[in-house]
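Each chain is listed here by its residues.
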Amino acid sequence: GAGVSQSPSNKVTEKGKDVELRCDPISGHTALYWYRQRLGQGLEFLIYFQGNSAPDKSGLPSDRFSAERTGESVSTLTIQRTQQEDSAVYLCASSFRWGQLNTEAFFGQGTRLTVV
Amino acid sequence: AQSVAQPEDQVNVAEGNPLTVKCTYSVSGNPYLFWYVQYPNRGLQFLLKYITGDNLVKGSYGFEAEFNKSQTSFHLKKPSALVSDSALYFCAVRDERQNFVFGPGTRLSVLP
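In order, the protein sequence lines correspond to chains H and V.
The working numbering puts the first sequence at residues 1 to 116.
The working numbering puts the second sequence at residues 1 to 112.
Keep in mind that the hints were calculated from the coordinates and are not lab data.
You may find that some hints are simply not true.
Unchecked claim - Derived pair list, reagent style DMTMM-like, types lysine to aspartate or glutamate, alpha-carbon separation capped at 25 Å:
| # | chain 1 | residue 1 | chain 2 | residue 2 |
| --- | --- | --- | --- | --- |
| 1 | V | K22 | H | E44 |
| 2 | V | K49 | H | E44 |
| 3 | H | K57 | H | D24 |
| 4 | H | K57 | V | E96 |
| 5 | V | K22 | H | E104 |
| 6 | V | K69 | H | E104 |
| 7 | V | K49 | H | E104 |
| 8 | H | K57 | V | D95 |
| 9 | V | K58 | H | E104 |
| 10 | V | K49 | H | D56 |
| 11 | H | K11 | H | D63 |
| 12 | H | K17 | H | E68 |
Given only the sequences and the hints, what does the whole structure look like? Please build it.
Structural data, given as structure tokens:
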């Protein structure tokens, strides 16, 4: 597609359940980022993938959070044993590797996660 | 480590007046700076970027930003604000690991 696609757009889950959030980056973008945004707040960095390099996981808040990316394509963010404080919008972005044109990040519309 | 500060949580301006949203940064090496806007219930949209060259950068929707190396600032500006400019604005820097570091955001309200 033309932009970054995230699914689902909304997810309501019960406390303690696992959830998977999906991100389809723009074709050709080697870098992929996940952020969390709580209501009315700024962006909280979670994880960053760059090509085949080891991902930067320094922003993951706990071991309940994990993410995978296959090559330079789709990424999945998994939250295990969800808690109410996990409720937020999860934003995915992608960009070209530094040194290429259009090095800004392009964002998806986000997945709104509500844990009840 | 790279960091971005947006000293104002909220900026209010009357429609038709000029607006400024402030951003200061801390980087090692050359700064690569970006502004994004977020409308309610939407993802972030890219407005403009500074990579190198002219200190005044022009972007989307009539916005521009002025890079000031000595003051380590990258303030977002618009000569005449519109009510539709009301949104959340984020400044960001791309660091040496090619990650994006975002400021906390500034909420702009343009009053009719």
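Here is how each hint holds up against the structure:
no., hint, verdict
1, K22/V x E44/H, "holds, 20 Å"
2, K49/V x E44/H, "holds, 21 Å"
3, K57/H x D24/H, "holds, 19 Å"
4, K57/H x E96/V, "holds, 16 Å"
5, K22/V x E104/H, "holds, 20 Å"
6, K69/V x E104/H, "holds, 20 Å"
7, K49/V x E104/H, "holds, 8 Å"
8, K57/H x D95/V, "holds, 16 Å"
9, K58/V x E104/H, "holds, 15 Å"
10, K49/V x D56/H, "holds, 24 Å"
11, K11/H x D63/H, "holds, 21 Å"
12, K17/H x E68/H, "holds, 19 Å"
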